[in-house]
Structures are given as C-alpha cells and as structure tokens.
Amino acid sequence: MSTGPGLESLVDQTISVITNDGRNIVGVLRGFDQATNIILDESHERVYSTKEGVQQLVLGLYIIRGDNISVVGELDEELDANLDLSKLRAHPLKPVIH
Amino acid sequence: MLFFSYFKELVGKEVTVELKNDLAIRGILHSVDQYLNIKLENIRVVDQDKYPHMLSVRNCFIRGSVVRYVQLPPDGVDIDILHDATRREARGP
Numbered sequence: 001m002s003t004g005p006g007l008e009s010l011v012d013q014t015i016s017v018i019t020n021d022g023r024n025i026v027g028v029l030r031g032f033d034q035a036t037n038i039i040l041d042e043s044h045e046r047v048y049s050t051k052e053g054v055q056q057l058v059l060g061l062y063i064i065r066g067d068n069i070s071v072v073g074e075l076d077e078e079l080d081a082n083l084d085l086s087k088l089r090a091h092p093l094k095p096v097i098h
Numbered sequence: 001m002l003f004f005s006y007f008k009e010l011v012g013k014e015v016t017v018e019l020k021n022d023l024a025i026r027g028i029l030h031s032v033d034q035y036l037n038i039k040l041e042n043i044r045v046v047d048q049d050k051y052p053h054m055l056s057v058r059n060c061f062i063r064g065s066v067v068r069y070v071q072l073p074p075d076g077v078d079i080d081i082l083h084d085a086t087r088r089e090a091r092g093p
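Quick mapping for you: the protein sequence lines, in order, are chains A and B.
With UniProt numbering applied, the first sequence covers 1 to 98.
With UniProt numbering applied, the second sequence covers 1 to 93.
The following block holds chain A by itself, in its conformation from the complex (with noise of 0.2 Å):
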C-alpha cells in the first residue's frame, strides 16, 4: 500500500504549490521525477498580503526543483471559482526552517 506513483495521479491537474521561501504558485502539472522537480504549465504566482486582495502574476512554463517544495495541493477548480481573492487578507506563508 506504499504510495508508488506519488504525483502521477495529479499529471494534468491544476495544483497548487507550497516553496519553502513561502510562495504560492499555481498552474498545471506536466511532469515530475523522484526528486519531486516539477514541471508546471500556465503557471501564476499569488501573492497574499494583509494589506490589498491576491495578486496574480503571470510565469508561465515552470520547473520548480524538488529542494525548494514544501507542499503539493490538487487544487480543486470549483472550489477555486468561489473564492474572492481580491476580498482576500492573509500574512505571507512564512519560510521553511530545517
């Protein structure tokens, strides 16, 4: 019952994705390796802040090394369309500390 393909499941998926410098980007999983690098498509950083809504910048084609990922999220699209991210108010995830 060992997790095998580990993020096979989400090839194709949007997700989500946790760094450990605290970022939040979001975008398409293309591919990935035992390592956990990843490669995302149509990918968007959102940048939380206390003081204004989610910002959404614009990367594009992405490879994130595995060293710097903390989390991987399947980002569930409808529960994705009802958030308002401009009426959003959150502190930056902070930094992971080994």
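Quick caveat, the hints were computed from the structure, so don't treat them as lab data.
In this text, all values refer to a predicted model and were calculated from it rather than measured experimentally.
Errors might be hidden in some of the hints.
[Stated by the list, open to error] Straight-line Cα separation of at most 25 Å, SDA-like style, residue types lysine to any residue; simulated pairs:
1) B:13 to B:64
2) A:87 to B:85
3) A:94 to B:43
4) B:8 to B:42
5) A:94 to B:37
6) B:8 to B:59
7) B:20 to A:54
8) B:13 to B:56
9) B:50 to B:87
10) A:51 to A:81
11) B:13 to B:33
12) B:50 to B:8
13) B:8 to B:82
14) B:20 to A:45
15) B:20 to A:81
16) A:87 to A:45
17) A:94 to B:21
18) B:20 to B:48
19) B:20 to A:86
20) B:20 to A:84
21) A:94 to B:82
22) B:50 to A:63
23) A:94 to B:16
24) B:50 to A:77
25) A:94 to B:8
26) B:50 to A:45
27) A:94 to B:15
28) B:20 to A:65
29) B:50 to B:64
30) A:94 to B:47
31) A:51 to A:84
32) B:50 to A:85
33) B:50 to A:86
34) A:87 to A:77
35) B:8 to B:65
36) B:20 to A:92
37) B:50 to A:97
38) A:87 to A:39
39) A:94 to A:45
Use these hints to put chain B onto chain A, whose structure you have.
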C-alpha cells in the same frame, strides 16, 4: 524502513501534519513512500483564518523533508508491536 512500515499501518486514519513553516494540515492519511512523503485527503488547515492559502485544496502531497511533526490518534499506536520492531531495527543489519 521502520517508520515507513509504521505509517503504512496508519493509512486511512486521521492525522495532523505540522510543517517546518509552522503550517499544520489535518487530513486522512492516503499514502506514504520511502522518503516519508505524505499524501493527505480531505484536508483542513488547522488555523484556516491565518492560512487561507489552501482553501481550494482538497487533497495534497507533503514532501517528507518539510515535516516537523505528525500528530497521531492515540489509539493508532500498538505500543508492543512498535517496541518489538524498534528492538529488531536496533539490532542492526
């Protein structure tokens, strides 16, 4: 190998994973691998108001290297089996 086997026993149970960036995620343990990467289903971030960053995420993959704690249900542990396995592991290859 011990903890990998131990987590495999816990698949299906609800756990809370606390990460090294202080984020804490509660969910059902779906799977684990040799790196102790964890896949959780039906997740709920512990302090959702402080961390709305994962509101649209149902299931997630957490890299083993970034886990600080895994909080387990108290009845998820068979202490005797764990002791035996630890002794075997300590005996060496």
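To see whether the hints hold, each was checked on the structure:
1. B:13 to B:64: It holds: about 18 Å lies between the C-alpha atoms, which stays within 25 Å.
2. A:87 to B:85: violated, 51 Å
3. A:94 to B:43: holds, 20 Å
4. B:8 to B:42: holds, 18 Å
5. A:94 to B:37: Within the cut-off at roughly 20 Å; holds.
6. B:8 to B:59: holds, 18 Å
7. B:20 to A:54: holds, 24 Å
8. B:13 to B:56: The given pair, whose Cα atoms are some 22 Å apart, holds under the 25 Å limit.
9. B:50 to B:87: violated, 42 Å
10. A:51 to A:81: Roughly 22 Å between the alpha carbons, so the hint for residue 51 (chain A) and residue 81 (chain A) holds.
11. B:13 to B:33: holds, 16 Å
12. B:50 to B:8: violated, 31 Å
13. B:8 to B:82: The hint holds at about 13 Å.
14. B:20 to A:45: holds, 21 Å
15. B:20 to A:81: violated, 29 Å
16. A:87 to A:45: Roughly 17 Å between the alpha carbons, so the hint for residue 87 (chain A) and residue 45 (chain A) holds.
17. A:94 to B:21: holds, 5 Å
18. B:20 to B:48: holds, 17 Å
19. B:20 to A:86: Violated: residue 20 (chain B) and residue 86 (chain A) sit about 28 Å apart, past 25 Å.
20. B:20 to A:84: Roughly 28 Å separates the two Cα atoms, so the pair is violated.
21. A:94 to B:82: Roughly 34 Å separates the two Cα atoms, so the pair is violated.
22. B:50 to A:63: violated, 29 Å
23. A:94 to B:16: holds, 18 Å
24. B:50 to A:77: holds, 22 Å
25. A:94 to B:8: violated, 30 Å
26. B:50 to A:45: holds, 19 Å
27. A:94 to B:15: This hinted pair holds, its Cα atoms lying about 22 Å apart.
28. B:20 to A:65: Holds, at roughly 18 Å.
29. B:50 to B:64: Roughly 23 Å separates the two Cα atoms, so the pair holds.
30. A:94 to B:47: Since the Cα atoms of residue 94 (chain A) and residue 47 (chain B) sit roughly 14 Å apart, the hinted pair holds (cutoff 25 Å).
31. A:51 to A:84: Measuring from Cα to Cα gives roughly 15 Å; hence the hint holds.
32. B:50 to A:85: holds, 15 Å
33. B:50 to A:86: Since the Cα atoms of residue 50 (chain B) and residue 86 (chain A) sit roughly 16 Å apart, the hinted pair holds (cutoff 25 Å).
34. A:87 to A:77: The given pair, whose Cα atoms are some 18 Å apart, holds under the 25 Å limit.
35. B:8 to B:65: Distance of about 18 Å is within 25 Å: holds.
36. B:20 to A:92: Since the Cα atoms of residue 20 (chain B) and residue 92 (chain A) sit roughly 15 Å apart, the hinted pair holds (cutoff 25 Å).
37. B:50 to A:97: holds, 19 Å
38. A:87 to A:39: violated, 30 Å
39. A:94 to A:45: holds, 16 Å
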